[in-house]
Structure formats: C-alpha cells, structure tokens
Amino acid sequence: MNEKRRLVIEKLLKMIHSGEIVVGDKLLPERQLAEAVGETRPVMREGLIALDAMGVIDIRDRQGIFLSSNEENEARMMLHRVRGWPADILSRVMEVRQIIEPLATGLAAVRRGEKDLVKMRECLKHMEELAGQTGEEAAKEGAYWNTSFHTVIVESADNAYLSRIYEGVYSIIEQGMSMMRINTSPEAHGGRLIAYQDHVSLCEQIEAKDSAGAELSAKEHLRHTINAMVQLGQIVPTSNLFEQGFMERARLL
21 MNEKRRLVIE
31 KLLKMIHSGE
41 IVVGDKLLPE
51 RQLAEAVGET
61 RPVMREGLIA
71 LDAMGVIDIR
81 DRQGIFLSSN
91 EENEARMMLH
101 RVRGWPADIL
111 SRVMEVRQII
121 EPLATGLAAV
131 RRGEKDLVKM
141 RECLKHMEEL
151 AGQTGEEAAK
161 EGAYWNTSFH
171 TVIVESADNA
181 YLSRIYEGVY
191 SIIEQGMSMM
201 RINTSPEAHG
211 GRLIAYQDHV
221 SLCEQIEAKD
231 SAGAELSAKE
241 HLRHTINAMV
251 QLGQIVPTSN
261 LFEQGFMERA
271 RLL
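Numbered by my numbering, the letters in the sequence shown go through residues 21 to 273 in order.
Any given hint could turn out to be false.
Calculated cross-link-like contacts (lysine-lysine; reagent style BS3-like; alpha-carbon spacing at most 30 Å) [unchecked claim]:
hint, residue 1, residue 2
1, Lys34, Lys160
2, Lys31, Lys160
3, Lys239, Lys145
4, Lys34, Lys24
5, Lys24, Lys145
6, Lys31, Lys46
7, Lys145, Lys135
8, Lys229, Lys145
9, Lys46, Lys34
10, Lys229, Lys239
11, Lys160, Lys139
12, Lys135, Lys160
13, Lys239, Lys135
14, Lys135, Lys229
15, Lys139, Lys229
16, Lys145, Lys160
17, Lys239, Lys139
18, Lys24, Lys46
19, Lys31, Lys145
Beta-carbon label-pair distances, calculated as ranges [what the hints assert, rightly or not]:
hint, residue 1, residue 2, range
20, Glu148, Gln52, 27 to 37 Å
21, Asp45, Lys24, 22 to 32 Å
22, Lys24, Asn203, 13 to 23 Å
No lab work stands behind these hints, which were simulated from the structure alone.
Glycine included, each C-beta is placed from N, C-alpha and C at the ideal position.
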C-alpha cells in the first residue's frame, strides 16, 4: 500500500503539472480524479491528503480541492522530493497527536476562557446530532466537528506556537477520522457514539479546570482512536506510542 500511495502521489503531481486534472484554480471532483488516476477513491484520497500536507493543494470542506498559489512553480520540484516523503503520513501525524494533545488538553483546562467553552459546546452539539447518522457524508461532517473540537482545545492552551504546529496536521487528522468512522461501528472504541461521550468528558473536565483529569481523558480518548486505526490498517502498530510506553517514559525524564 505504501508504494501504491507513493505512485499515486507522483501521478497526481504529473497530471496537475500537465493540467489534465485542473479546471481553473481547482482540481476535478474526487470521483473524476479517481477515474483519471485509475485508482480507488480511498487510495486516491490518501494521495490528496499527502499533497495537502505538502502545500501543493488546499482541500476545503464543501468547496473542493484548490491549487496552492505557487503550485505550478513547485509541482516539478515536488516530483523529486516526494520519494523522501513518508508514505505512512497518517501514522506520523497520530504520533504527533499523542505527543501534543494530552499536555495541551491539561494546559487548556488551566488557561481556557468562556469563549473557548462556547466553541467546544458548539462542536459537541453538531457531533451529538451526527452521532446517530450513517453514511459517508455524515462521517465527513462528524470528522470536521471532531477535529474542530480538538483544535479549539489546542487554541485554548493559549500558545501560538503550539497552535501553529497543530494547524499543520489538522487536515490530515480530519481526513483520517472521516475514513475511520465510515468503517467503525458507532458503539466501538473510535466509533462516533463512544467518541462523542469521550468529547463530552473532555469538555466537562476542561470546564471544571481539572488539568490532571483532562490530560488523562485525552490519553484515553486517543488510545480508543489509535487502536481503531491500527485495527483498520490505517496506521502502523509502531505508531501507538502509548502501547509502547514511550509517553510514560517521556514524563519521567
């Protein structure tokens, strides 16, 4: 799968550079892209996620896939650099989440303001409405509000540098969550019902300014998500830093 994904990325870059899949400042819709590339939509989507992370394209919710402003000048260079880009990009991003989110959540419980809580509750309202819905569109919507919730938490930690780092992985997290929710039972760990309950607990602990409790809940929530992704083959088992004890050892340093 990793080699296939890399080939898809290269093919997309070549077709962008030639203009085959470009209309104005946008790429063709996903279905047409998959046909043009000759791959399934899930594999093609993983290639798009990687290009978004590289800055070649900008995937905008409900608007389409836009070219970055400097794309035409960069595409050829990206063809040479892509071989060094990790094919298991979602695995790497989930490692970043394990490193950042628990501590950021604990910090958010101390520094959050009332406006932050309002934003979290707004995300929770949408997640609750979507928790009982099925299908690809509901999965995408749920992933959007899920990722928005975690982004609000990181922003609540009131550290501009931390927010900037998280901003760099936001779109990859959202796309990964969408694919996971399509293939996970709502009642299973990582499923939308359990995820909603996890998020409610996180919000309550942040509201109560329970820093230690919020950090532990963030770890438990991430464990649920990562275990589900490993089972689905979305990420490699070695990216489960909690399971390997890396995070606990880091706290002792």
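### Query
Would the pair lysine 229 and lysine 239 pass a check requiring their Cα atoms to be no farther apart than 30 Å?
Status holds; Cα separation ~17 Å.
### Query
Between lysine 135 and lysine 229, is the straight-line Cα distance small enough, at 30 Å or below?
At roughly 15 Å apart (the allowed maximum being 30 Å), lysine 229 and lysine 135 satisfy the hint.
### Task
Hint says 27 to 37 Å; check whether the CB-CB distance for glutamate 148 and glutamine 52 agrees.
Given range 27 to 37 Å: holds, Cβ gap about 34 Å.
### Query
Given the hinted pair lysine 239 and lysine 145, is their alpha-carbon gap at most 30 Å?
It holds: about 23 Å lies between the C-alpha atoms, which stays within 30 Å.
#### Entry: Satisfaction of the hinted span 22 to 32 Å by the C-beta atoms belonging to aspartate 45 and lysine 24
For aspartate 45 and lysine 24 the Cβ distance comes to about 28 Å; the hint holds.
### Query
When you check the alpha-carbon spacing of lysine 46 and lysine 34, does it fall within 30 Å?
holds (15 Å)
### Query
Straight-line Cα separation of lysine 34 and lysine 160 no greater than 30 Å?
holds (28 Å)
### Query
Hey, lysine 139 versus lysine 229, does the alpha-carbon distance stay inside 30 Å?
holds (16 Å)
### Message
For lysine 31 and lysine 46, compute the direct alpha-carbon distance and say whether it is at most 30 Å.
### Response
Between lysine 31 and lysine 46 the Cα gap is close to 17 Å, so the pair holds against 30 Å.
### Message
Hint check: lysine 34 vs lysine 24, CA-CA at most 30 Å. Holds or violated?
### Response
holds (15 Å)
### Query
lysine 239 and lysine 139: Cα distance at most 30 Å?
Holds: lysine 239 and lysine 139 sit about 22 Å apart, inside 30 Å.
### Query
Taken at face value, is the distance from the CA of lysine 135 to the CA of lysine 145 at most 30 Å?
holds (15 Å)
When each numbered hint is compared with the structure, violations occur for hints 5, 19.
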